[in-house]
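> Guided by the hints, dock chain B onto chain A, whose structure is given.
2 protein chains.
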Amino acid sequence: MAVLGKTHRTQAERREQTRTALLDATIDCLVDLGYARTSVQEICARAGVSKGAVQHHFSAKAELMAAAVEHLTGKLRGRLAASIAALPGGASGVAAAIDLLWEGYSGTLSTAATELWVAARTDPELREAIRPVDRALGRSTLEHITSIAGELPKERAEILFWLTVNLTRGLALDAELGGDPKRRRQLLDEWKRVAVMLYEDASP
Amino acid sequence: MAVLGKTHRTQAERREQTRTALLDATIDCLVDLGYARTSVQEICARAGVSKGAVQHHFSAKAELMAAAVEHLTGKLRGRLAASIAALPGGASGVAAAIDLLWEGYSGTLSTAATELWVAARTDPELREAIRPVDRALGRSTLEHITSIAGELPKERAEILFWLTVNLTRGLALDAELGGDPKRRRQLLDEWKRVAVMLYEDASP
Numbered sequence: 001m002a003v004l005g006k007t008h009r010t011q012a013e014r015r016e017q018t019r020t021a022l023l024d025a026t027i028d029c030l031v032d033l034g035y036a037r038t039s040v041q042e043i044c045a046r047a048g049v050s051k052g053a054v055q056h057h058f059s060a061k062a063e064l065m066a067a068a069v070e071h072l073t074g075k076l077r078g079r080l081a082a083s084i085a086a087l088p089g090g091a092s093g094v095a096a097a098i099d100l101l102w103e104g105y106s107g108t109l110s111t112a113a114t115e116l117w118v119a120a121r122t123d124p125e126l127r128e129a130i131r132p133v134d135r136a137l138g139r140s141t142l143e144h145i146t147s148i149a150g151e152l153p154k155e156r157a158e159i160l161f162w163l164t165v166n167l168t169r170g171l172a173l174d175a176e177l178g179g180d181p182k183r184r185r186q187l188l189d190e191w192k193r194v195a196v197m198l199y200e201d202a203s204p
Numbered sequence: 001m002a003v004l005g006k007t008h009r010t011q012a013e014r015r016e017q018t019r020t021a022l023l024d025a026t027i028d029c030l031v032d033l034g035y036a037r038t039s040v041q042e043i044c045a046r047a048g049v050s051k052g053a054v055q056h057h058f059s060a061k062a063e064l065m066a067a068a069v070e071h072l073t074g075k076l077r078g079r080l081a082a083s084i085a086a087l088p089g090g091a092s093g094v095a096a097a098i099d100l101l102w103e104g105y106s107g108t109l110s111t112a113a114t115e116l117w118v119a120a121r122t123d124p125e126l127r128e129a130i131r132p133v134d135r136a137l138g139r140s141t142l143e144h145i146t147s148i149a150g151e152l153p154k155e156r157a158e159i160l161f162w163l164t165v166n167l168t169r170g171l172a173l174d175a176e177l178g179g180d181p182k183r184r185r186q187l188l189d190e191w192k193r194v195a196v197m198l199y200e201d202a203s204p
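Heads up: the sequence lines are chains A and B, in that order. Per this note's numbering, residue 1 is the first one in the first sequence, and the count goes up by one each step. Per this note's numbering, residue 1 is the first one in the second sequence, and the count goes up by one each step.
Isolated chain A (complex conformation) (with noise of 0.2 Å):
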């Protein structure tokens, strides 16, 4: 009974794998396709799930769409969390803490956001499931940022946040179009300079 019971999953165990197939296989459509070209069939396909199960999940593919920035964001947060956390405090953490934005807001997560982002613009449904996450994930980096901030005041912190998330997503961009990545390292490692500078003269 014992070995059969750890065979046999719950059906909330089913449930849930059958989800997180979904969601990885929305965040590869994006990356691999575009959202133009991806499809609730090709998700499915590529989740080994079938068309009618995925109704179960999610009423509207705009709700799929946020529900997987949503996943990618959480697997993120979980992998950056410990680095955040050992971020040493002061100047030497600013440096550290944009290598570890440019990290997070680089890559997959960016690649699939901005597809996101892009066909929002002109599509309201999407616009609407996609806003309150984007709005979430920045706070909550906001959060973790301006706690490790030490002595900066709020207000500092927040301005030199927002900058390096702006500069990081022109570059996050520059990336995907096959920008020079020579010139992307140079241009990081200048702004670190500049941030750590920022910092020390807004420290009291």
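Derived from the structure by calculation, the hints contain no laboratory data. Everything numeric in this text was worked out from a predicted model, so none of it was measured. Each hint should be verified, as a subset may be incorrect.
Repeated chains share a single entry, so a pair holds when one copy, or any two copies, can fit it.
In silico BS3-like links for lysine-lysine, alpha-carbon gap of 25 Å or less [as the list claims (entries may be wrong)]:
1. K75 x K61
2. K61 x K51
3. K192 x K154
4. K182 x K154
5. K51 x K154
6. K61 x K182
Chain B in isolation, oriented as in the chain A frame:
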């Protein structure tokens, strides 16, 4: 005869007018509908041009897209050329140059270009067509900017320029997604302050 000559357009003029109508309609479609829903049929309908006639001008959709970006940047460059030439030299020109870059890279050009860039990531033919146009725009803007950078060493001027371009692209994406305009204004002001400081530090 003279009157007749003036009211009748030459074949070259008609050709040019059709081309311009197609390019303007392409930009309109990208901004209104996004790349995925922009069809050659819709572009022709908006331009008042038959679908057969478009093939006299552009052999492929990707070519039409690249020409549209080139057309838009050409118009923009014309509009900005006088402002750039009139920029004050030295540190006081830095903040004004950043305002001009923001003006250039945000709005219609940024919206249309972002649609194409993102689509190009998963569409090799489109990427092949728009990459040279994007690089040429970057190079020519950079030349304009370094020509007014005064005493600043070329390498420093380039780093300041590319940091500004990438930050601006990130902010333009934020604007398209309905981010807070007050925060964008604050970040741009802070970046101007920082850029002037960096300019002064690097000037001999």
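> All hints, please: hold or fail.
Consistency of the hints with the structure:
Proximity of K75 to K61 under the C-alpha cut-off of 25 Å is restricted to the intra-copy arrangement: shortest distance 21 Å within a copy versus 39 Å between copies. In this assembly of identical chains, K61 and K51 lie within 25 Å of each other by CA distance solely inside one copy; the values are 12 Å within and 33 Å between copies. In this assembly of identical chains, the alpha carbons of K192 and K154 lie at most 25 Å apart whether taken from the same copy (19 Å) or from different copies (21 Å). Taking the shortest alpha-carbon separations for K182 and K154, only the inter-copy value of 17 Å comes in at or below 25 Å, while the best intra-copy value is 33 Å.
For a Cα distance limit of 25 Å, the shortest separation of K51 from K154 qualifies neither inside one copy, at 48 Å, nor across copies, at 58 Å. Neither within a single protomer nor between protomers do K61 and K182 lie at most 25 Å apart by alpha-carbon distance, with minima of 38 Å and 32 Å respectively.
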